Amino acid sequence: NAGVTQTPKFRVLKTGQSMTLLCAQDMNHEYMYWYRQDPGMGLRLIHYSVGEGTTAKGEVPDGYNVSRLKKQNFLLGLESAAPSQTSVYFCASSTAGTDTQYFGPGTRLTVL
Amino acid sequence: GESVGLHLPTLSVQEGDNSIINCAYSNSASDYFIWYKQESGKGPQFIIDIRSNMDKRQGQRVTVLLNKTVKHLSLQIAATQPGDSAVYFCAEPKNTGNQFYFGTGTSLTVIP
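If you read the sequences in order, they're chains A and B. Numbering-wise, our numbering puts 109 at position 109 of the first sequence, and it's gapless, one number per residue. In our numbering, each residue carries its 1-based index in the second sequence increased by 1000.
Hints listed in this document are in silico derivations from the structure and should not be mistaken for laboratory results. All of these numbers come straight from a predicted model, not from anything done at the bench. Take the hints with a grain of salt, since some may be wrong.
To be verified - Derived pair list, reagent style DSS-like, types lysine-lysine, alpha-carbon separation capped at 27 Å: (1) Lys57(A) <-> Lys1094(B); (2) Lys14(A) <-> Lys1042(B); (3) Lys1042(B) <-> Lys9(A); (4) Lys9(A) <-> Lys57(A); (5) Lys70(A) <-> Lys1042(B); (6) Lys1056(B) <-> Lys57(A); (7) Lys71(A) <-> Lys1042(B); (8) Lys71(A) <-> Lys1071(B); (9) Lys1071(B) <-> Lys1056(B); (10) Lys57(A) <-> Lys70(A).
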């Protein structure tokens, strides 16, 4: 039981490049989330999904897109990376919206 | 508005001593709270949770206290060990039911 996994662990992009972050969970959770974590700030929700085929915007969705084609996977895309998107990205999953969220190990993204 | 905050950003304790980390919340309707531990370079890890119908909940070496009168949570770690060094933050569900507020965290350093 791996829990929540994220790939890649590290990535460096140039401004304007695109990339996709992959999150996978093997706990059969309905809800999945993408957060970013910046120094001195709490986790901020980018997008989330309440089930396969659904997505919704969180607190800071601009510049990101997501897809949930399979229940176990949640993809976060950056179409045109900007230096302001330099951050650590965490994926999380839970059985329901008000239940405990379990987090992945994070992806450290640097945009030059 | 609603917020989750911490009284102290940093805390240093001697190995073997007890640690107390505090958290204030402003939404008196919140009925569920979670404490997370985040070690350097890792994702947040669930420690313990508490429902609003409880005042106290104990885990292995950890105790969470909830004071609804003053809207305050605390996490107590008994016999603090070097492995407890991390950032600890609390979380509460937003009214929407699909999201959580996360505090910025308290950095705990254990002095050997």
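**Item:** Hints breached by this structure
**Value:** 6 and 8
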